[in-house]
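**Student:** Each chain is listed here by its residues.
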Amino acid sequence: MKINKILIIALLMLASAAMGQKYVTKTGSIKFFSDAPMEKIEAYNNQVNAALDTETGDLVFKVLMKSFTFEKALMQEHFNENYVESDKFPNATFVGKITNAGEIGFQKGGTFDAQVEGKLTIHGVTRSVKELGSLTVSDGKILTTSVFPIKLSDYEIKIPKTVASNISESVEITVEVSLAILNQ
Amino acid sequence: MRKRLFSVWLAFLLTSGSIFAQDLMDMLGENEAPVVDYTRGTFKTTRIVIGQSIETPPKGNMIFIVTHHFGKLNSGYENLFGLNQAYIRLGVEYGITDWLGIGLGINTYKITWDGFLKARILRQSTGARRMPLSMNLFASMAVKTNKWDDPDRTNYASSRFSYAFQLQIARKFGKWVSLQLMPELVHKNLVKSAKDKNDIFALGAGGRVKVSNRVSINAEYHYVFPGQIHEKVYGSFSFGIDIETGGHVFQIFLTNSIGEIEEYFIPETTGSWLNGDIFLGFNITRIFTIVKPKLP
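Residue numbers (my numbering), protein chains in the order written: chain Z, 1 to 184; chain U, 1001 to 1296.
Since the hints were derived computationally from the structure, they do not count as laboratory data.
Beta carbons: idealized from backbone N, C-alpha and C, even for Gly.
Possibly wrong hints are sitting among the right ones.
What the hints assert, rightly or not - Now the in silico label distances, taken between C-beta atoms and shown as ranges:
hint : chain 1 : residue 1 : chain 2 : residue 2 : range
1    : Z       : Glu156    : U       : Tyr1221   : 32 to 42 Å
2    : Z       : Lys161    : U       : Phe1064   : 24 to 34 Å
3    : Z       : Asp154    : U       : Ile1241   : 27 to 37 Å
4    : Z       : Ser165    : U       : Lys1292   : 14 to 24 Å
5    : Z       : Thr174    : U       : Thr1108   : 29 to 39 Å
6    : U       : Leu1203   : Z       : Ser170    : 20 to 30 Å
7    : Z       : Thr126    : U       : Val1177   : 21 to 31 Å
8    : Z       : Asp154    : U       : Phe1064   : 45 to 55 Å
Stated by the list, open to error - DSSO-like, lysine-lysine: derived pairs with alpha carbons at most 27 Å apart:
hint : chain 1 : residue 1 : chain 2 : residue 2
9    : Z       : Lys31     : U       : Lys1059
10   : U       : Lys1210   : Z       : Lys158
11   : U       : Lys1147   : U       : Lys1210
To be verified - So these bits of chain U aren't anywhere near chain Z, every CB distance computed over 12 Å:
hint : residue
12   : Leu1083
13   : Leu1104
14   : Gly1115
15   : Leu1137
16   : Phe1161
17   : Arg1171
18   : Leu1181
19   : Lys1195
20   : Val1249
21   : Ser1272
22   : Phe1282
23   : Ile1287
24   : Phe1288
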């Protein structure tokens, strides 16, 4: 009985310690770029939700697919209707961790390489990913950037043969998110 | 007992990492401000089959649309079952804003020019504002410039004009089904006989069922209320298939109407499906971005 009490107290202490400083944003930006022989397609989303817990290194992203803006309205419609099916799968999410959070000087500031690992969900398909990024820490703000490719077929996004020369099978994702300290 | 409790704690501690990440995710959900989510793609293009759909060109976009009706299917081998004839309309449409579209067209049928305005007054939406329906006002004018039917009488320039007005009410029922209802009015400055009304009231209905992301089956019917037209006319009924490729939409259909604009196909459909007065036709729609939206 005694041990149980001690355990509970220890756990509570641990939990509160784990509630480190949180950084959040609602206006992060994600760009994607498809470089196919016939057509280059770019889309921007600057309403990306993201949060980082500096203590645990936990990092999450939530992207409303409908917020991607394209150069051509028709592309935007096809993107939502035919490819990512955003009525069915409104959000893309990432739930993961900065695995080398211990090496990053969240207190002293500077630019650091970050190793990020976690689960990326697009079009209802979840896959484990491991990417590199960079973190720039300066008073109360953390800028996270990362560039990585994703394969559309990994997320069951089907490209019909007729437009195969217009849409690249591998799309480059550029993440640029500036997180601000959350005052609790 | 103690052992079991301990293992529960241990399991909890081990999984806590991901639990905290999930907490962070839930926090994001709380912070999200609701936005108005407008329903897109009620129809694939600005036509259901032969008539106007609720869709307007997006802001800064131009649509080029070629409409083609062949001749009557029952016109026999000497006419190659209608393939020997063609009624064509070439049209352009432009989105001044996302809620106002304008259009201009030239028809080979009676050498008619037509122009129209299409204004969205309600847009179906969810999220911060819920609206179950989309609604448009459609107003069009047609000027026929062929030779006078009766050159011996006094013909006025105004006699060349006719007009069509529609209140378009549409709803997209999920991904697969969209329906549209159109109370409509056609006004003709000149009618064939004194027994004909100048204002012709009708009710149109149309819809589509998608069979895949890029293909849908569409149908459209216009019911003309009786007692307005002396000549025997039929309701215009058309059905067909929409095929969307990258930048084009192809619509291939069968109809009993020659006319390609509301002024003609609503009150002047003399063909009957049962008699085989059926026209094979197609629309080819191509969209161009004229003014690019500002990207960050």
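**Student:** Can you give the numbers of the hints that this structure goes against, from lowest to highest?
**Tutor:** Going through the list in order, the structure violates hints 5, 6, 8, 11, 20, 23, 24 and respects the others.
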